[in-house]
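Engineer: Now for the letters of each chain:
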Amino acid sequence: EAGVAQSPRYKIIEKRQSVAFWCNPISGHATLYWYQQILGQGPKLLIQFQNNGVVDDSQLPKDRFSAERLKGVDSTLKIQPAKLEDSAVYLCASSSTRYSYNEQFFGPGTRLTVL
Amino acid sequence: SQQGEEDPQALSIQEGENATMNCSYKTSINNLQWYRQNSGRGLVHLILIRSNEREKHSGRLRVTLDTSKKSSSLLITASRAADTASYFCATQGGSEKLVFGKGTKLTVNP
Chain A
1 EAGVAQSPRY KIIEKRQSVA FWCNPISGHA TLYWYQQILG QGPKLLIQFQ NNGVVDDSQL
61 PKDRFSAERL KGVDSTLKIQ PAKLEDSAVY LCASSSTRYS YNEQFFGPGT RLTVL
Chain B
1 SQQGEEDPQA LSIQEGENAT MNCSYKTSIN NLQWYRQNSG RGLVHLILIR SNEREKHSGR
61 LRVTLDTSKK SSSLLITASR AADTASYFCA TQGGSEKLVF GKGTKLTVNP
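Protein chains in written order, with the working numbering: chain A, 1 to 115; chain B, 1 to 110.
FYI, nobody ran anything at the bench for these hints, they're computed from the structure.
Warning: the hint list may mix true and false statements.
To be verified - Stretch by stretch, here's where chain A covers chain B in the computed footprint (C-beta under 8 Å, at least three residues):
(1) 42 to 48
(2) 101 to 110
Said to hold, decoys possible - Here are the simulated SDA-like pairs of lysine to any residue, each with C-alpha atoms no more than 20 Å apart in a straight line:
(3) A:83 <-> A:8
(4) B:97 <-> A:68
(5) A:62 <-> A:114
(6) B:97 <-> A:58
(7) B:102 <-> A:38
(8) B:102 <-> B:27
(9) B:102 <-> A:59
(10) B:97 <-> A:29
As the list claims (entries may be wrong) - So these bits of chain A aren't anywhere near chain B, every CB distance computed over 12 Å:
(11) 2
(12) 17
(13) 18
(14) 20
(15) 24
(16) 28
(17) 59
(18) 64
(19) 73
(20) 115
By construction, the Cβ of each residue, glycine as well, lies at the ideal position given by its N, Cα and C atoms.
Next comes chain A alone, as it looks inside the complex:
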């Protein structure tokens, strides 16, 4: 089966600019996650969707980050305006159900550099 797709793979922007990332989860996976991974650290959950509803966005910096999953399939994560500390790899993951504690399948990530 096809894995989680993300684009772009790399993005370089100036601070205060805007950027958007796209994710297409594995077909049929109801739960979608966005993680931020800063160099040298483990991934940190930013937001979790169950179909098109938000389950957890407690660690999403809502003053500058937004995410949507309008049709319950693919999702976009936006940063506006970007700061230097947003430089990181943004990972999208999906899982088949919310309550079964199944493994999460990760995409290749988007490496963001903010100059």
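Following the hints, complete the assembly by docking chain B onto the known chain A.
Structural biologist: Using the frame of chain A, we list chain B on its own:
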């Protein structure tokens, strides 16, 4: 904040040797998972151990879990150069959120 803390931060071994990585966590969990991350394949799930399990095997991987000590270990036997990667433990509790540690960077020298 991150739940798991892996130890050591970095490990370098020769091909054929065994590699052991440890993970400690702070709060009660439903399960603990180990993931591998390298530049070629991204983050890949390796194994999941539930809170009522003490040991689990998958191929060359052996995971133990001691809930009384809030710790887990990952053993990779007969390591290969292809095992070179960063290894992360991740815990999942009542909130279902997966919380990752900072990882152990493993280098297997040919």
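Engineer: Are the hints correct? Go through all of them and say.
Structural biologist: Hints, verified against the model:
{"no.": "1", "hint": "42 to 48", "result": "holds (count 5)"}
{"no.": "2", "hint": "101 to 110", "result": "holds (count 3)"}
{"no.": "3", "hint": "A:83 <-> A:8", "result": "holds (19 Å)"}
{"no.": "4", "hint": "B:97 <-> A:68", "result": "holds (19 Å)"}
{"no.": "5", "hint": "A:62 <-> A:114", "result": "holds (18 Å)"}
{"no.": "6", "hint": "B:97 <-> A:58", "result": "holds (11 Å)"}
{"no.": "7", "hint": "B:102 <-> A:38", "result": "holds (10 Å)"}
{"no.": "8", "hint": "B:102 <-> B:27", "result": "holds (17 Å)"}
{"no.": "9", "hint": "B:102 <-> A:59", "result": "holds (17 Å)"}
{"no.": "10", "hint": "B:97 <-> A:29", "result": "holds (16 Å)"}
{"no.": "11", "hint": "2", "result": "holds (14 Å)"}
{"no.": "12", "hint": "17", "result": "holds (26 Å)"}
{"no.": "13", "hint": "18", "result": "holds (25 Å)"}
{"no.": "14", "hint": "20", "result": "holds (20 Å)"}
{"no.": "15", "hint": "24", "result": "holds (15 Å)"}
{"no.": "16", "hint": "28", "result": "holds (17 Å)"}
{"no.": "17", "hint": "59", "result": "violated (9 Å)"}
{"no.": "18", "hint": "64", "result": "holds (20 Å)"}
{"no.": "19", "hint": "73", "result": "holds (21 Å)"}
{"no.": "20", "hint": "115", "result": "holds (22 Å)"}
Violated hint for the displayed structure: number 17, the only one.
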